[in-house]
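Asker: Using the sequences and the hints given, assemble the complete structure.
Chains A and B supply the protein sequences, listed in that same order.
Those letters in the first sequence? Residues 1 to 518, per the numbering used here, in order.
Those letters in the second sequence? Residues 1 to 269, per the numbering used here, in order.
Simulated from the structure, these hints should not be mistaken for lab results.
Be a bit skeptical, because a hint or two may be false.
Example chain A residues on the side facing chain B (calculated, C-beta under 7 Å, incomplete) [stated by the list, open to error]:
{"#": "1", "residue": "Ala58"}
{"#": "2", "residue": "Val144"}
{"#": "3", "residue": "Ala166"}
{"#": "4", "residue": "Thr168"}
{"#": "5", "residue": "Val221"}
{"#": "6", "residue": "Leu225"}
{"#": "7", "residue": "His370"}
{"#": "8", "residue": "Gly373"}
{"#": "9", "residue": "Trp408"}
In this text, a Cβ means the ideal position worked out from N, Cα and C, and glycines have one as well.
Listed below are the residues making up each chain.
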Amino acid sequence: MENAIAWVLLFPLIGSVACALLGMANRKLCYPISVVSMVGATWAAVETLFQAVASPSAEVSYIFGGWVLDLFPRGVGIEFRADLLGALIALVVVGVALIVSMYAKLPVEKETPRKEALYYPLFLLQITGLAGIALTGDAFNLYVLIEVAALTGYGMIAIGSNRAAAATFNYLILGTIGASLYLLGVGYLYIKTGTLNMVGIQEVIAANNLHDSPAMQVAFVLIGLGILIKMAFFPFHAWLPNAYSNAPTTTSCLLAPLVTKVMIYVMIRMVLTVFGVEFSFESTLWSEFMPWLVVIAIVCAAVMALAQREIKKMLAYLIVAEVGYMVGGVWIYNYYGLIGSIFHIISDACMTLCLFLATGIILRACKTTHFDGLRGLFSKMPLTMIGFFVGGFSIIGLPPTCGFFSKWYLITGGMVAERWEYMVVLMFSTMVMVVLFFRLIERIYLAVSESGENLGKGHGDVGLTKEQTKFQEAPLSMLIPLLIAASIVMIIGVYNQEVVNQIERFLEPFNLPRGTGH
Amino acid sequence: MFEDGTMINELLIERLNYFIYVVLLLIGLHAMISKRNLIKKLIGMSIFQTAIILFYVSIAVKDEATIPIYKAEHDPHGAASKAAALELNSTDEAKPLYAPAELQPEETPQYANPLPHVLMLTAIVVGVATLGLALALCLRIQQGYGTVEEDELLVKIERADARYSQSPLAKVTTPRRRPARRSRKPRTAAQAARTSPKSASSPKSTGPTQTKSSAPKTKTTQAVKKSAPATRKSVASSPKAANKKPAPKKSPGRKPAGKTSSPKKKGAE
Chain A
1 MENAIAWVLL FPLIGSVACA LLGMANRKLC YPISVVSMVG ATWAAVETLF QAVASPSAEV
61 SYIFGGWVLD LFPRGVGIEF RADLLGALIA LVVVGVALIV SMYAKLPVEK ETPRKEALYY
121 PLFLLQITGL AGIALTGDAF NLYVLIEVAA LTGYGMIAIG SNRAAAATFN YLILGTIGAS
181 LYLLGVGYLY IKTGTLNMVG IQEVIAANNL HDSPAMQVAF VLIGLGILIK MAFFPFHAWL
241 PNAYSNAPTT TSCLLAPLVT KVMIYVMIRM VLTVFGVEFS FESTLWSEFM PWLVVIAIVC
301 AAVMALAQRE IKKMLAYLIV AEVGYMVGGV WIYNYYGLIG SIFHIISDAC MTLCLFLATG
361 IILRACKTTH FDGLRGLFSK MPLTMIGFFV GGFSIIGLPP TCGFFSKWYL ITGGMVAERW
421 EYMVVLMFST MVMVVLFFRL IERIYLAVSE SGENLGKGHG DVGLTKEQTK FQEAPLSMLI
481 PLLIAASIVM IIGVYNQEVV NQIERFLEPF NLPRGTGH
Chain B
1 MFEDGTMINE LLIERLNYFI YVVLLLIGLH AMISKRNLIK KLIGMSIFQT AIILFYVSIA
61 VKDEATIPIY KAEHDPHGAA SKAAALELNS TDEAKPLYAP AELQPEETPQ YANPLPHVLM
121 LTAIVVGVAT LGLALALCLR IQQGYGTVEE DELLVKIERA DARYSQSPLA KVTTPRRRPA
181 RRSRKPRTAA QAARTSPKSA SSPKSTGPTQ TKSSAPKTKT TQAVKKSAPA TRKSVASSPK
241 AANKKPAPKK SPGRKPAGKT SSPKKKGAE
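Answerer: Dropping the structure here:
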């Protein structure tokens, strides 16, 4: 279909309105509506991706309302533009959301009872915002969609407990600072270029040689800082762990894989499409100092993840560390680093989803996510644990999973660009992840408590009764999405070359250095 | 002081708007970060957003320009274009029906740029939504914790977090271990016999009686508590286990359930 790109947004948008209206009459309608609208959106995203792959310019453009003048072929209104990167990220957003929407039925009923008619519209609007961020070609429209996603995110987190509301307040303050700084930066861009279209801005910068303009530098710093706050880059990460670990299960399943990754996509979009490679890497000093900030970020986040005794908190800090990976991949200024960064957005979304889905099931079964509550889980729910392990192995970077291949490109980029500090910190972080996940596996298999006390009686004994370790798998509506997510992690890993081909085709026109950048 | 070209002149007269916007922005940022009252933080947030609105409106200022609404001769829907349409007759295909006098590029400076204002309308809407949501969150926090002062809030949250992140073993020890022992009793007794001959004698004597007795709960717990701590602590710390062994050893003699179970709990913990 010709307008598939618009339908990516329209499906969840219409779905959220339908949920809000019909949900008032009957709460049970919300779940099927959300699943159906997500299926529609996924189809539209797949269609958009195929259109982008098939088109000779490798992009699909849609100008809302058909506002085009001869003078402005890019449109005077809002353009939606899916190049290969945007289409890929949109597909990831919508695909993850589809899996979470299938998973949502029981957790939402249990954790936010009688609030389905409030929860599902927020859920779908969140996806509208995130998919819109991935597809929009207009700098100001991007701000609006960031705020749409952020506001619905605040609501989805705070709908849980009082503790979540307190955590959300911090998130809201920091999120507003981030988005406002971005808005300010867009203002400076508009002063200098007179357009808000992303490609248009880039053309004006190249045509008028604005590389040394102080206003452009200010715009770059403001936009960069705003996005770094929104993506929870290390010094600005304070909002993330509390917000994600106290949020309702479905919320953290949806937000944790997507929000930070989509903001990294925004950074790549700003660096490559809006400001252009030459401005971002040559005219600013960011490519000099950002890798060092990344080193600090990854080390600190990894150490803090080690200190946690709860799966949810630990995963939240892991996300902060992963954000460091991807930011580093961009700023080492290398072709392979950027491939790794983009690929890692995709694979990290899948594996984080996998881990959070499994954590939701553990929370439901054990009523706790503390490490001490995990004993004997493998004999109780083997399939869930396999899903969890696949996600964990992918975070570590074991070969058949997609995490291995993205990390491979990141490390290759670090080596080729001779940013040894980045490469070393990646290795260090991998070691930490190994410790983290094998410690969990030890807790699951053996009867060792956090204080070091041995609870069982020797090998193979977890110190629980047969009833407590009896096979009792999670309900199918939660298990199947988890297994789908786990198999996607493997499938992307096996067919990684297909994904990388598209990313390479996207990166080809930017002429990134394949050796050292300097 | 205010001669042309000096920095103060530039700052305070030519670019006063931008100066004020930066000051407002910093005031707002300071309030958001350093104020300890949640409502004051929100006031700071509003100031912060208003500063950005001032910035955008300032960049759209243009001297001697009119509002961006068509003048009569350019208006596609106004009287002039209607007259033109009547004159042209609808069969004329060269010009569209509604063609007014065309807006020439040199005429556009007469109009102010509407786009920044329109953008700010959207930003105001976003700001209102954010503020509303934030106030709702404050209400929720006030209801949940009874305060909107960050210091008091942090103390209460920390206390709640400590309770929440406590190890499940700390709470569940007693109910979880009791059924566990009954099922594992024969094996543990045998193990105990192998590992520590001292404690082995007592489980063997109580073992057969337990299976027969109608109220086995007290006795089984007794028996296993002797053996289970013995093995467990032999791994962890042997001197402690030695201290605790005598207490359960005596207990088989006592029969009342209430009295026997309580010292054993202490022993187990």
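Asker: Would the stated hint for Gly373/A survive a check requiring a Cβ distance to chain B of less than 7 Å?
Answerer: Where the cut-off is 7 Å and the nearest Cβ of chain B is about 4 Å from Gly373/A, the hint holds.
Asker: Mind checking the CB of Thr168/A against every CB in chain B and telling me if the closest is under 7 Å?
Answerer: holds (6 Å)
Asker: Holds or violated: is there a CB of chain B closer than 7 Å to the CB of Leu225/A?
Answerer: Hint violated; Leu225/A Cβ to chain B Cβ min 12 Å, cut 7 Å.
Asker: Per the CB criterion, is Val221/A less than 7 Å away from chain B?
Answerer: The hint is violated - Val221/A has no Cβ within 7 Å of chain B, the shortest such distance being about 14 Å.
Asker: Quick check on the hint: Ala58/A CB to chain B CB, less than 7 Å?
Answerer: This interface hint is violated because 30 Å lies over the 7 Å limit.
Asker: Per the CB criterion, is His370/A less than 7 Å away from chain B?
Answerer: Hint holds; His370/A Cβ to chain B Cβ min 5 Å, cut 7 Å.
Asker: Does Trp408/A pass the interface check with chain B, least Cβ-Cβ distance below 7 Å?
Answerer: Cβ of Trp408/A sits 36 Å from chain B, so the hint is violated.
Asker: Let's test the interface hint: is any C-beta of chain B closer than 7 Å to that of Ala166/A?
Answerer: holds (5 Å)
Asker: Tell me if Val144/A is really an interface residue toward chain B, meaning its C-beta lies closer than 7 Å to one of theirs.
Answerer: holds (6 Å)
Checked against the numbered hints given earlier, this structure breaks hints 1, 5, 6 and 9; the rest are met.
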